[in-house]
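Visitor: Respectively, the protein sequence lines represent chains A and B. Each residue of the first sequence is one higher than the one before, counting from 13 in my numbering. Each residue of the second sequence is one higher than the one before, counting from 44 in my numbering.
What the hints contain is simulated information worked out from the structure, not anything from laboratory work. Do not take every clue at face value.
Below, computed lysine-lysine pairings styled on DSSO-like, alpha-carbon distance capped at 27 Å [said to hold, decoys possible]: (1) A:K21 x A:K53; (2) B:K172 x A:K46; (3) B:K73 x B:K85; (4) A:K169 x A:K21; (5) B:K85 x A:K169; (6) A:K37 x B:K85; (7) A:K159 x A:K145; (8) B:K120 x B:K85; (9) A:K53 x A:K152; (10) A:K282 x A:K159; (11) A:K85 x A:K282; (12) A:K37 x A:K283; (13) A:K283 x A:K256; (14) A:K37 x B:K172; (15) B:K85 x A:K53; (16) A:K169 x B:K73; (17) A:K21 x A:K37; (18) A:K152 x A:K21; (19) A:K256 x B:K175; (20) B:K73 x B:K120; (21) B:K243 x B:K197.
Chain residues, written in single-letter form:
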Amino acid sequence: MMNPVERAKQDWYPIGIVSDPRRPKRYATRVLGKDIVLETKEEGSLSVSCGDESWEITEAYDHIWTSPSQNPKPLFSIPEENERDRRFVPCGVVHVRCSPLRAVENFLDIAHFPFVHTDVLGSEPHTEVAPYKVNIDETKDEVIATKVKFFQPQAAKSANEGIVTEYIYRVPAPMTAILYKTCPNRDDVLDIISLFVQPIDEDNCAVWPWMALYDDESSMADMVEFQQLIFLQDRNILENQIPKRLPIDPKMEIPTRADLTSVAYRRWLKKSGALYGALIQPAEQSAE
Amino acid sequence: MEFTLYDYALSGNCYKVRLFASILGVNYEKISVEFHPAAEHKSETMLQISPAGTLPILTVGEMVLSETQAMLFWMAKTYDRSGAWWPNNYDPMAQAMVLQWLGFSGDLTATIGQARLNSLFQTPIDRAKVVKCSVTALRRLEAHLTEQSFEQKKFITGVFPTIADLACFPYVALSGDVGTDPGLEHDSYPAIRNWIYEIKSLPGFIPMPGIFEMHQLKDHEADPTIRQVPEG
Ligand SMILES: N[C@@H](CCC(=O)N[C@@H](CS)C(=O)NCC(=O)O)C(=O)O
Ligand SMILES: [Fe+2]
Numbered sequence: 013m014m015n016p017v018e019r020a021k022q023d024w025y026p027i028g029i030v031s032d033p034r035r036p037k038r039y040a041t042r043v044l045g046k047d048i049v050l051e052t053k054e055e056g057s058l059s060v061s062c063g064d065e066s067w068e069i070t071e072a073y074d075h076i077w078t079s080p081s082q083n084p085k086p087l088f089s090i091p092e093e094n095e096r097d098r099r100f101v102p103c104g105v106v107h108v109r110c111s112p113l114r115a116v117e118n119f120l121d122i123a124h125f126p127f128v129h130t131d132v133l134g135s136e137p138h139t140e141v142a143p144y145k146v147n148i149d150e151t152k153d154e155v156i157a158t159k160v161k162f163f164q165p166q167a168a169k170s171a172n173e174g175i176v177t178e179y180i181y182r183v184p185a186p187m188t189a190i191l192y193k194t195c196p197n198r199d200d201v202l203d204i205i206s207l208f209v210q211p212i213d214e215d216n217c218a219v220w221p222w223m224a225l226y227d228d229e230s231s232m233a234d235m236v237e238f239q240q241l242i243f244l245q246d247r248n249i250l251e252n253q254i255p256k257r258l259p260i261d262p263k264m265e266i267p268t269r270a271d272l273t274s275v276a277y278r279r280w281l282k283k284s285g286a287l288y289g290a291l292i293q294p295a296e297q298s299a300e
Numbered sequence: 044m045e046f047t048l049y050d051y052a053l054s055g056n057c058y059k060v061r062l063f064a065s066i067l068g069v070n071y072e073k074i075s076v077e078f079h080p081a082a083e084h085k086s087e088t089m090l091q092i093s094p095a096g097t098l099p100i101l102t103v104g105e106m107v108l109s110e111t112q113a114m115l116f117w118m119a120k121t122y123d124r125s126g127a128w129w130p131n132n133y134d135p136m137a138q139a140m141v142l143q144w145l146g147f148s149g150d151l152t153a154t155i156g157q158a159r160l161n162s163l164f165q166t167p168i169d170r171a172k173v174v175k176c177s178v179t180a181l182r183r184l185e186a187h188l189t190e191q192s193f194e195q196k197k198f199i200t201g202v203f204p205t206i207a208d209l210a211c212f213p214y215v216a217l218s219g220d221v222g223t224d225p226g227l228e229h230d231s232y233p234a235i236r237n238w239i240y241e242i243k244s245l246p247g248f249i250p251m252p253g254i255f256e257m258h259q260l261k262d263h264e265a266d267p268t269i270r271q272v273p274e275g
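Could you build the full structure based on these sequences and the hints that come with them?
Guide: Below, the structure is given as structure tokens:
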């Protein structure tokens, strides 16, 4: 099997928002443990360099993506980006001291809602996750979890009352998770929230949430704030998880919660060798 | 609605006003401003409201305030009937002490506040230096609160809380957001821990991201020996 770093180099990673008024002309950041510079030229064109190497660059979903590979895997698709009535909301970046895989796994795990996002995305005693299905879509090579139903006091900024929300999760790349959820004010469409994760290194990541919502009421600031509030709650949990990397060997697990998607995600990572940020040999990482 | 607050949910400075309003039971209009990533507080529209280019902004009629210390003072003078939040006993020394620690709250924004923005959003700062100054500020407050406790005073300037406590509280409570650098953890500051507990016990207390209500305290905060989050 390919080594984890080589495997990770084949993917695209977010490093900025296309229209960011604050990004310096030469913006230094890190990806997969490498120092890189995103340069914005006078005429607006962008380039990424790592020492004297130049990295691939593309723009999608309001973000700037880069890849160290000359021949990266194609960037995943979100066909709903063409629905022009949606509001597209880049939510900025939040740095977290945890493995990039941890950030994705937490996003997939609905069982934490009542405890971490109390009275917003979940509440006690409605802690039960109804049985649902997880599949691996072999053609697209994605993890898909469908029909996850959950009671939410405030499913989105636009929700005026508690509703039973239905979720569909997609993991189209090891460090990207997309969810489709009930839109509080329409039954014919689903809202989209995704987490684009920039692997700073195996123990640190930067998370770029992005949303594509049907919401005519809320201001941009309100929608961004809602998402940032939720993500900051996650950050608190993520930074206290031990170990920092995501344990992949199923024998290491003590399954305490209904966590099907997370299990499928870990299996899929293992099968595809996407182990950058994973904890494979437990003896080597000591607790802090 | 008594006043308008231009607010950002993750800001410790904005939280000072939200917290005091909740304690006083005052209704106000809240307008969210996208501090990150859009930097809306630096936009033409917002600079016209407040040229300071910072959040929060409190407006009422013609008055526009951009300093939280002034906001807390105005709120205390306008809505606090107890006269305790701004010592109203014509004792210049008591008032001077409140002003002294309000000034210190500005140091906390410049140290822990800046270090936290760097941890969250990677804003460019000299991190090592700012973290060092953050620890110095925490030690200074710890020493002061320890002395206060010898005289049975639970708060910064006496037996009752004042606006100085509210001004200092957010960034002290949020120091864990900055990181695990030595000297930022509340575990090392028993007097600060007791003080945080007292503030969280005040009627009307509300949380913000990173500052939990008493009953929400995570296991690792209630008991620092527990740091493991269940896996799986
Ligand atoms: N002196 C002000 C400072 C407020 C402040 O620093 N606000 C931060 C957000 S918490 C801000 O808007 N910073 C933007 C900047 O300094 O450019 C106060 O006490 O309210
Ligand atoms: Fe969460």
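Visitor: Please go over all the hints and tell whether each is borne out by the structure.
Guide: Here's how the hints hold up against the structure:
{"no.": "1", "hint": "A:K21 x A:K53", "in the structure": "holds (25 Å)"}
{"no.": "2", "hint": "B:K172 x A:K46", "in the structure": "holds (24 Å)"}
{"no.": "3", "hint": "B:K73 x B:K85", "in the structure": "holds (18 Å)"}
{"no.": "4", "hint": "A:K169 x A:K21", "in the structure": "violated (36 Å)"}
{"no.": "5", "hint": "B:K85 x A:K169", "in the structure": "holds (24 Å)"}
{"no.": "6", "hint": "A:K37 x B:K85", "in the structure": "holds (18 Å)"}
{"no.": "7", "hint": "A:K159 x A:K145", "in the structure": "holds (7 Å)"}
{"no.": "8", "hint": "B:K120 x B:K85", "in the structure": "violated (30 Å)"}
{"no.": "9", "hint": "A:K53 x A:K152", "in the structure": "violated (36 Å)"}
{"no.": "10", "hint": "A:K282 x A:K159", "in the structure": "holds (25 Å)"}
{"no.": "11", "hint": "A:K85 x A:K282", "in the structure": "holds (18 Å)"}
{"no.": "12", "hint": "A:K37 x A:K283", "in the structure": "violated (40 Å)"}
{"no.": "13", "hint": "A:K283 x A:K256", "in the structure": "holds (21 Å)"}
{"no.": "14", "hint": "A:K37 x B:K172", "in the structure": "holds (25 Å)"}
{"no.": "15", "hint": "B:K85 x A:K53", "in the structure": "holds (23 Å)"}
{"no.": "16", "hint": "A:K169 x B:K73", "in the structure": "holds (15 Å)"}
{"no.": "17", "hint": "A:K21 x A:K37", "in the structure": "holds (25 Å)"}
{"no.": "18", "hint": "A:K152 x A:K21", "in the structure": "holds (19 Å)"}
{"no.": "19", "hint": "A:K256 x B:K175", "in the structure": "holds (25 Å)"}
{"no.": "20", "hint": "B:K73 x B:K120", "in the structure": "holds (21 Å)"}
{"no.": "21", "hint": "B:K243 x B:K197", "in the structure": "holds (13 Å)"}
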